[in-house]
Amino acid sequence: AQSVTQLGSHVSVSEGALVLLRCNYSSSVPPYLFWYVQYPNQGLQLLLKYTSAATLVKGINGFEAEFKKSETSFHLTKPSAHMSDAAEYFCAVSGTGNKLVFGAGTILRVKS
Amino acid sequence: DAMVIQNPRYQVTQFGKPVTLSCSQTLNHNVMYWYQQKSSQAPKLLFHYYDKDFNNEADTPDNFQSRRPNTSFCFLDIRSPGLGDAAMYLCATSTPGPYYREQFFGPGTRLTVL
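Taken in sequence, the protein lines are chains H and W.
Its first residue numbered 29, the first sequence is counted upward by one per residue in this note's numbering.
Its first residue numbered 4, the second sequence is counted upward by one per residue in this note's numbering.
So here's chain H without its partners, still in its complex pose (with noise of 0.2 Å):
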């Protein structure tokens, strides 16, 4: 069965700096992983995607993810953080039967 764990609910940061959003999944065949964000009272919107072609996955809004197999991780970085990047993130990893498998999330604070 696949799993996915997000370390750390809350994730702070000054703007300008690195943000990094950490995911850890677990698969029993070869993973496709997500990254999801979503605002306030809106839906979640895809913001990068990994279908085993570049381990180094390039995103919206300045986002990257790296795949690296033998950590079994799949991090969300931006190098320069943004007031407008505070937000909720999701990792997920596709599960069996047409389903995503999701991690319980990082709320992402900006500070000024």
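Derived by calculation from the structure, the hints in this document are not laboratory data.
We treat Cβ as the ideally placed atom computed from N, Cα and C, and that holds for glycine.
Heads up, a few of these hints could be off.
[As the list claims (entries may be wrong)] Straight-line C-alpha distance at most 25 Å; calculated DSS-like pairs for lysine-lysine: (1) LYS96/H / LYS20/W; (2) LYS97/H / LYS139/H; (3) LYS127/H / LYS20/W; (4) LYS77/H / LYS97/H; (5) LYS20/W / LYS77/H; (6) LYS97/H / LYS20/W; (7) LYS97/H / LYS127/H; (8) LYS20/W / LYS41/W; (9) LYS86/H / LYS97/H; (10) LYS20/W / LYS47/W; (11) LYS77/H / LYS127/H; (12) LYS96/H / LYS86/H.
[As the list claims (entries may be wrong)] Examples of chain W residues lying across from chain H (beta carbon under 7 Å, computed): (13) VAL34; (14) GLY85; (15) ALA89; (16) ALA90; (17) LEU93; (18) GLU105; (19) GLN106; (20) GLY109; (21) GLY111.
With the hints as your guide, set chain W onto chain H.
Just chain W now, with coordinates in the frame of chain H:
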């Protein structure tokens, strides 16, 4: 633009009064999902349709039902809402297949139960 649309965005109902939430899509995707999301939690899958094939999650209460009259529309019916059913309800779509399961989400409907 192709998209997933949910109506209404905000819904207020009374305890025990049936309510229906609506989802439509212009992506022509085979699979449609309904999720329940409570504050600061991950979305919880209630059920999904693969075309007209309905797939219920084992822990979804009987109080929650769904209909999919055609490819474009899917409805979530809550027969007797309780206070614990207040949440954000998210609809999503995807294409099936052996590869990745990227899902496209609507903006959600915030349900309040009085």
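Hints violated by the structure (listed by number, smallest first) = Hints 1, 2, 3, 5, 6, 14, 15 and 16 not satisfied by this model.
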